[in-house]
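Residues per chain, in single letters:
Number of protein chains: 2
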Amino acid sequence: MSTNSRWSTPAAEALRVEPGFSLVDIDTRSTPGYDGDKTTGTADLEAGRAPLEGLQERLFAQSVAGTATGSVLLVLQAMDTAGKGGIVRHVVGSVDPQGVELASFKKPTAEELEHDFLWRIEKRLPDAGRLGVFDRSHYEDVLIGRVRELAPAEEIERRYGAIVNFEAEAADLGIRVVKVMLHISKDEQRERLAERLERPDKHWKYNPSDVDERALWDEYMRAYQVAIDRTSTPVAPWHVIPADRKWYARLAVQQLLVDALEDIDPHWPAADYDVEVEKARLASS
Amino acid sequence: MSTNSRWSTPAAEALRVEPGFSLVDIDTRSTPGYDGDKTTGTADLEAGRAPLEGLQERLFAQSVAGTATGSVLLVLQAMDTAGKGGIVRHVVGSVDPQGVELASFKKPTAEELEHDFLWRIEKRLPDAGRLGVFDRSHYEDVLIGRVRELAPAEEIERRYGAIVNFEAEAADLGIRVVKVMLHISKDEQRERLAERLERPDKHWKYNPSDVDERALWDEYMRAYQVAIDRTSTPVAPWHVIPADRKWYARLAVQQLLVDALEDIDPHWPAADYDVEVEKARLASS
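Those protein sequence lines, which keep their order, are chains A and B.
Note that UniProt numbering has the first sequence beginning at 1, numbered continuously upward.
Note that UniProt numbering has the second sequence beginning at 1, numbered continuously upward.
Since the hints were derived computationally from the structure, they do not count as laboratory data.
Just so you know, these numbers come straight off a predicted model, no measurement behind them.
There could be a bad hint or two in this list.
It does not matter which identical chain is meant; a pair holds if it fits inside one copy or across any two.
With a straight-line cut-off of 16 Å between C-alpha atoms, the simulated EDC-like cross-links for lysine to aspartate or glutamate are [claimed, not checked]:
#1 107 - 140
#2 202 - 274
#3 246 - 188
#4 246 - 80
Produce the entire structure from the sequences given, and follow the hints as far as they go.
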């Protein structure tokens, strides 16, 4: 864990869901584990770019060298406006794009609906040595899927177990599955949606359906609670990140990624050629 | 063209290949159009991040809103060590990853070899509203393809015309094709390869085949000259960027991208809903 003095508890530990967890009792303006404010948090986020970038470059080097065994998959779930896009831009965006595999899951296509809900997900698991990011994920199928009854109740039930198995298999493949729910309050969402309506340069981020889903806030919170309860496992735990403060959410995700990469502990690949021989060849070329 | 005072000639104009162009006569340490040094160039690169990011965000907004008609495709070609990776990391890396579609073309697979050389390329053309990047491209099929005689001479000949047609069709689809050759000297390449051999943290970037290809430097330069001559068109011109100075190459590519995006001139999408109605719905939600 790469900590600085302002993390009194490592982010992974402070944010990991434990038995008895209650989503509605989380203070969405809190900053678990971090004893700093926006000023220090913004500075720490900036300072954390280099360590994250460095670790990811080593991992990417392994993927190029063909020696990578591990990868990281960041799964981002959240209500609208909670800040997924900002995480992608300001946290993931600080590493070399060559090593990133970003998958945004929208409403399933007709073809995707003909298959099991995990069919389109499995195809986007990151290759060894990569940092994968799921902007929404298979969890939509037990969130909006449950709230909007997009599948029969017994199918929704089946999915929790299917997800646990799927993520266990991913972990067996060396994928560090980092599951994150960005958690904002309903009031915070109203403010953010209002800003999108106020500003013409934000109109594209607003969709009338956002308010339709917002009307079902409590049902969504219950669906999140069930999903988190049913799919938190030692190899793929959930982290619920209070996200009313964007700086904190970004800093926390950065820490979780550093943590996952340090767990892989990627080293620069050794040369698979004779360095001295190559120096001589190069000198005479 | 977004210029600052140190560009005496816009990058696109200074670098665009014109009839009579001679690759071997280019000074790879020169900085065409730019009257500055490493210090100012580095500062200008940093200052250019925000305009590039802003333009790309508008384009991405259009893609989300479904109103995008244009896209940008940066085609990067170069001899080994010329700095393609640095362009991806330091120039492309400054924009929102959500709007970027990066394709790295390696040695073709068996399946790819069963198809026309453009088969795998066409699939990776950027969607409307995106910034596509080809790290190597269909030009490999007339560069290493020609030098290494990977296809019959008449097939190589056919490809130049096929490429011109292909890129014209892409342009018709609204794709701004920005073709860049990063051009380093053979001596500069030796220094960069030597550094990769000196530093254990760079060993992964070195491959013994780099020296094999290096031995064919002059043949490669001829193949580039032919490819550039045969495929420079008004809708998809080549830009040859002297790249011994990394800061200049990055600054120049940044300018070319800004230029292409300004040509698209993306505006924030207008709301396709009634803003006042939505404000009322939100307020009562």
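Going through the hints against the structure:
no., hint, verdict
1, 107 - 140, "within (9 Å within a copy, 37 Å between copies)"
2, 202 - 274, "between (56 Å within a copy, 14 Å between copies)"
3, 246 - 188, "within (11 Å within a copy, 45 Å between copies)"
4, 246 - 80, "within (14 Å within a copy, 41 Å between copies)"
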